[in-house]
Amino acid sequence: MSTLNPAADLSSHAHDDHGHHEIGFVKKYIFSTDHKMIGIQFLFTTLFMLLVGGALALGVRFQLAWPWRAMPLVSQVAELIGGPNFVAEGGQISPEFYTMLFTMHASVMIFLVIIPILAGAFGNFLIPLMIGADDMAFPVLNMLSYWFMWPAIVCFGMSFVVGGLNAAPAQGWTSYPVLSAIRDSAPGAGDAQTWWLFGLTLVGVSSMMGSVNYMTTIINMRAPGMTLFRMPLTIWSMFITAILQAFALPVLTAAGFMLVAERMLNFNFFVPGGLIINNGDPTVGGGQPLLWQHLFWFYSHPAVYIMLLPAMGMVSDMLACVVRKPIFGYKPMVYSMAAIAGLGFIVWGHHMFTSGMNPALGMTFMISTMMIALPSAVKVFNWIGTIWGGKVEFNTVTLNCIAFVSMFVVGGLSGIFMAAVPVDIYFHDTYFIVAHFHYVLFGATLFGCFGAIQFWFPKMWGRMMSERLGKAHFILTFIGFNGTFFPMHLLGIAGFPRRYADPYIHPYMEHLMPMNQFITICAVLMGVAQFLLIGNFISSIFIGKKAGRNPWNANGLEWTAPSPPGHGNFDILPVVYRGPYEYSSPLVDDRDYLMQTERLDPKPAKEREADDAPSDSGGDS
Amino acid sequence: MVNKFWPIFFMFWPILAIVSFVIAPSMNWWFPGPAMSPLGQQIDNLFYLILVIVTVTFVGTHVALGYVLWRGVDNKNTKAWFSHGSHNLEVLWSIAPAGILMFISLYQLDVWMEFRVKSHFPEGTTPVAEVTARQFEWRIRYPAPGKKLMTTPQADDLYTVNDLHVPFGRPVSIRLRAMDVQHSFFIPELRVKQDAVPGTVIPVWFEASKPGEYDLTCAELCGWGHYKMRGRVFAESESGFDKYIRTLQAEQNFDGVTQPEHSGAQIAEYGIEDSQ
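Protein chains in written order, with our numbering: chain G, 869 to 1489; chain V, 26 to 301.
Since the hints were made in silico from the structure, they are not lab data.
Keep in mind that the hints are not guaranteed to be accurate.
A few chain G residues facing chain V, derived, Cβ under 10 Å [stated by the list, open to error]: (1) 1117; (2) 1193; (3) 1201; (4) 1285.
Virtual Cβ for every residue (Gly too), placed ideally from N, Cα, C.
Generate the whole structure from the sequences, applying the supplied hints.
Structure below.
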């Protein structure tokens, strides 16, 4: 706030840089401490990583549809560059390479795409703008949180190359010991696994810096009048996510260091004695492999909500705006997010129902897991309630938000099968779970992100993204997505296990190959469609239609700033008078939005009381 | 009608989803055969119960979503409905799902206890074999005929790889171990799955209701050969199982020196010349 001079700025809106000294190129675009630039850096990085992760997934899909066939294109490229091992296989995916493909697909998508695009890209860009701050509480820490992503990417990249393509990390993104602890247990369990663990730790460092910053910023730097219950749900979701992150992440970091110590310093946490692996010497020690699973899922289950809650918040904001209606049940939305976060800490055991842990634990984890479906259901009902009675205009943002709700319903409901322990006995580690988490993480989170990119793009660049390309991208992605992941439910019911390089050697799965070919074709369609997003994104930066401050007629504080906002964000010091969802308010006659900063003419006290009374659950309290 | 395209679009895919589930069993996109064990039958029943509840919720939420979108496109008022929500509705749609979810969780506890809690195992469950998973095969240890399965290997124990024979029609259990990394013992047709954890012995019981051959697969990533860790479970009559164990004993104790009591066929099987 200190950089702002409200009196001076009120008189000259166009004067964006507040008369500060010029910032050099490196300081402005590379080692920037400006939260907007850091958010955009995160966005570019994650979109690039989205393509990398998608390419890895297509490799997985190709093998499942046409096992052991030489991959088109890849085999030719491999011949050209003469890559090691790969050529020997003639472009064919070896089983070692297949295990590496799905391991790195998950690692890249989770740690380098979903978590950083939500918290890193949108969290950074939106938090100060939406609460009316001029920057994050700790700008340098913020810069470091982005630049710690790169060592992580380098570590993950190194893990591809240190042992050759057939010896990249291949223990699954869950990296269960003993497979991940003993170097001889698999081709990828050597140095590659160590690099992978360092990458994981560095991603954690980056996330932790971000979450400390978000919490501090949201608590301390809100604009005057921005009470907690006037905050947009995006901010609530980022706040709750930051808390989740801060409390859960240290456990994973500790587990990671324990595994590194086990691998490099001969410590003994996870490997029991007397195992004979790959005809080597028997192991010595008294570790317990389940310890890793408990520690890992203690972080990684809350991480599922870290990968979902911010998208829920952003969709709530976008949905209210595109249907021109206040959010239905603002406080229940906040409380249900808090409930999801709280319960999220005591449901990790549902990943371990078949792991051999004490069966009594299975029962308690089942009940908490069932109960976490409740706040999720409340949120869905509230989103539908938000659309109820609204004025719906189907632009790209609306489409992606509706898809978010629809896909989240499927992902939530399919989770109930696996929350039921006896049914999970059968469904555990089959394609049913693959369908389930892709519906939540891709169907919900990524559709939410696609909507958010379209919605906040004008604030980033001062230009709109193309509606036509946006809709084309949406419809192709939506069809490709459902064609890819819906049949996976059926595969799961048919008992199709995960992580099989060639399931068809088992007679009971032979007849499922045509379905897998259909899935792969849909996945290719979905992959190709992402180039529309990238193309739309890049081209709109330069040729998009110019956008004013508030192209969506939205209420939030970010729309009072110039597009794009200059250094320090606001040329008018924002003062907040109401909640962010006063769309179609009867207080104003000429338009259907009422910005948070807008001060209405004082009315006689009696009249004002009458106006304020109905908005009990909403913003004005 | 053009403005109705998107509400119809969002209603179209749930219909496709329902249709695909309706036709799935006839297209053979369903369970690998009916559950071949009493516990598996209970698991299937639970699955169908949840499927009904979930389908009703899925249809309900999507009909509601379609309705509000349809009406939202038609909304010709200058302003949308200015409402911040309804306390009564919030209470209603918190309590109703809570009741249903609580019912599902409590209703199925019995099946879980029967499967995993040792004191709730069916009476007369007898251990028939020790199954040790390793990269990438199943090693099986039976006790000698007439003897009990001991926790430590005995001199007269019988060993096979990948083929597990069990009697059908009564609950049997195995001692599940892992020799190297984690594996998971999965018989899809019997709806049995249990991870094999290194350093731990886990008792797993199951009952095949009909004789036959069932696939045994690994359901926990155990390395590059995870996919090919294929085994078979043969459910046989008591006498067939007994005969199998005795044959196994004869084969294992056969030292290559022909004994008069051995039949020619058995020797031919090993390709050993008659040394007389």
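Hint-by-hint comparison with the structure:
Residue-level restraint check for residue 1117 of chain G is violated (minimum Cβ-Cβ distance to chain V is 24 Å; threshold 10 Å). Given the 10 Å rule on beta carbons, the hint for residue 1193 of chain G holds: about 4 Å separates it from the nearest Cβ of chain V. Interface hint at residue 1201 of chain G: satisfied, since its Cβ lies 9 Å from the closest Cβ of chain V, which is below the 10 Å cut-off. The beta carbon of residue 1285 of chain G is positioned within 10 Å of a beta carbon in chain V (closest approach about 6 Å), and the interface hint is therefore held.
When each numbered hint is compared with the structure, a violation occurs for hint 1 only.
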